[in-house]
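Given next are the chains, with one letter for each unit.
Number of protein chains: 2
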Amino acid sequence: MQFASRLDNVETSAIRELFKLLGKPGIISFAGGFPDSAMFDVEGLKEASQKALTEEPGGALQYGATEGYEPLRTQLGAFMKTKGVDVDPSGLIVTTGSQQALDLLGKTMISPGDKVIVEGPTFLATIQCFRLYGAQLISAPIDANGVKTDELEKLIAEHKPRFVYLIPTFGNPSGAMLSLERRKKVLELAVKYQTLIVEDDPYGDLYFGEAPPPSILALSKDVPGSRELLAHCGSLSKVLSPGLRIGWMIAPAELLAKATMCKQFSDAHTSTFSQATAAQYLKSGRMPATLAHVREVYGQRAQAMGAALERELGDAVSFTQPQGGLFFWARLTGANGKLADANELAKRAIEKLVAFVPGAPFFAEKPDVATLRLSFATADVAKIEEGVKRLGQAL
Amino acid sequence: MQFASRLDNVETSAIRELFKLLGKPGIISFAGGFPDSAMFDVEGLKEASQKALTEEPGGALQYGATEGYEPLRTQLGAFMKTKGVDVDPSGLIVTTGSQQALDLLGKTMISPGDKVIVEGPTFLATIQCFRLYGAQLISAPIDANGVKTDELEKLIAEHKPRFVYLIPTFGNPSGAMLSLERRKKVLELAVKYQTLIVEDDPYGDLYFGEAPPPSILALSKDVPGSRELLAHCGSLSKVLSPGLRIGWMIAPAELLAKATMCKQFSDAHTSTFSQATAAQYLKSGRMPATLAHVREVYGQRAQAMGAALERELGDAVSFTQPQGGLFFWARLTGANGKLADANELAKRAIEKLVAFVPGAPFFAEKPDVATLRLSFATADVAKIEEGVKRLGQAL
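Top line first, the protein sequences correspond to chains A and B. Heads up, the first sequence is in my numbering, so the first residue is 46 and it goes up one at a time. Heads up, the second sequence is in my numbering, so the first residue is 46 and it goes up one at a time.
Bound conformation, chain A alone:
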């Protein structure tokens, strides 16, 4: 069978092979990219879904508008307002998880051969998603404060990309938080080079101490002309439930209209059953307590992992303690002749019954084989300590 030429641009993930090994009995996994099922507010979602089916069965079970179920758009508008963003319900569309927002951006914006700038490292499924639309990805370097905006400016000037894709807050895999100063700089670059910026923000609500700087979208009100050059993707997956597949995109009207047309032919609309349930949940007022709970639990786990890494691995790794999100991003230093290849370490770690994801596949260009991603989301503190101890042994 002959397949479409666009499939030549992607390869099945190397990480998939690793994940097959995770079923090994007794393994402690830091490899996942998902929240802890034990965090889900099952009772709240039960109530919300019953309410949706009782009060609005026609809406929850019938075809709906491609743009999204109106009561959910209203609730999401209100949710964004608590985060400093003024958006009319008509200024956002609901997507089937934020993954679909990426897909719609690819479909709407990327012609084969177009350049797109992403962070190095960035979300693996973004790389593959954009490449399926024929994008040539350019990798902008980051540090603990997110993308280096001076380097980013050079790349924008050189490559004139179709857009720049950033996960500014607790990015996957980097866990990095773009500084306030750099956020402002990104907005200036958008205006200066008239370049669309895509802000992917699934983790912004998951902070452990003080709140991160406002999103790039929230800050755009202070930079004239920048709002019309921003697309912002949000998600309930990390804080409420990924299984609902509820994401959203805020973007200029013209882009939103094209993305809606593409969505119509992608999946017609996002499950109205999920949408009506999410709307009822947000309306119920349980979200603030849910957020407080996940922040506290993940914060403790992040703390425990940071301490364990220092204790067990010492100067063999360097990392920045994440202030939110789900991930540690670490680098093997090779100090004292220790291993500096994360692929090799991953193999040895599996033998010691602990798993993580090597960092190299997260780079669209110039992979750094010394890097690795550790999720602290799904193991409790005791497992985190035991797992990191095993990691030290593997090293």
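Hints listed in this document are in silico derivations from the structure and should not be mistaken for laboratory results. It is possible that some hints are incorrect.
No copy labels: a pair is met if it fits in one copy or bridges any two.
Unchecked claim - Calculated pairs, DSS-like style, for lysine-lysine (alpha carbon to alpha carbon, straight line, at most 30 Å):
hint: 1; residue 1: K328; residue 2: K96
hint: 2; residue 1: K303; residue 2: K397
hint: 3; residue 1: K411; residue 2: K237
hint: 4; residue 1: K160; residue 2: K434
hint: 5; residue 1: K266; residue 2: K160
hint: 6; residue 1: K303; residue 2: K65
hint: 7; residue 1: K392; residue 2: K303
hint: 8; residue 1: K229; residue 2: K266
hint: 9; residue 1: K205; residue 2: K266
hint: 10; residue 1: K328; residue 2: K411
hint: 11; residue 1: K411; residue 2: K392
hint: 12; residue 1: K193; residue 2: K205
hint: 13; residue 1: K303; residue 2: K69
hint: 14; residue 1: K199; residue 2: K230
hint: 15; residue 1: K230; residue 2: K411
hint: 16; residue 1: K303; residue 2: K411
Dock chain B against chain A, hints included.
Coordinates of chain B only, in the frame set by chain A:
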């Protein structure tokens, strides 16, 4: 803002303009393409969703496999078995409505410029979906017995299409039912020309009298080598609830693997909440009664519409009484100097407070402006009779 070149291949639907007028008070609409909300088994779905959240909250709310939620794949396999198809759960993937199956077929199979044969007329969102991937669509003529297989063979031989897309059973918009003889012929053509056949089957369960012939997929067991050249798309949207967005695709393993990879970067997976609910519903054993109910109600409405059309419009229209599905497909004959342009009739009809969809946009090539589509799904018998009377006045 500059958009991707693929958007040049589609236009926003002419039908959208019509739909804006449907809000007019007092209008009777035969324009929709959706089932009647009053048919939904709300109680059954309430129970199913509560069971899903009680018995398997982790599964229903967490990320899931891109291929689909295992218990649902098992249930769908069993459902297909009742329809004469032997398929292992691993031989199907769950899609976000069957619209997504079309999208994945486009993404997986169509390179820009590739030819795809569709029926003339065919489902509007199929036309747009495939064109977004750069397909050049070839239109194969149909009659009341579905696609004319002798014409289809000529077109396959001439154009060597990437695949042939058919809605063999009660198609949208045609309502036509491909005869058993022609189904077998399609399978022979698949093997003779080594051409992939896509069988889209959202309406096959919605028959009014005796059951239609087995699906092309079910018949493939009698034609050696044909099963490996078939993709079959199913859906719960028309018989249970479109809002769940549960469709599925059965296809050769190699195609299914590529479609799964594409789905991973499209929406990661279909709502596990919807999937777990659908699985519980199918497991509950309520489906046969639900099917019997929708068949009976829609059957009465189809009967009423056919009688009213004969009574009110006489020889001004020609049509075949549909034996299932949601639609009448009619043609203005122009007899006795009556109007033969369905676009013009649509305008006049709106003035008389009745709406339908002109047929021309459903043709990928050579539109027939005398055709129209009338849905009998959402109006009750009294409304159908009154609406067709108004249609007669408009004519």
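inquiry  = I'd like to know which numbered hints this structure contradicts. Please list them from smallest to largest.
reply    = 2, 4 and 10
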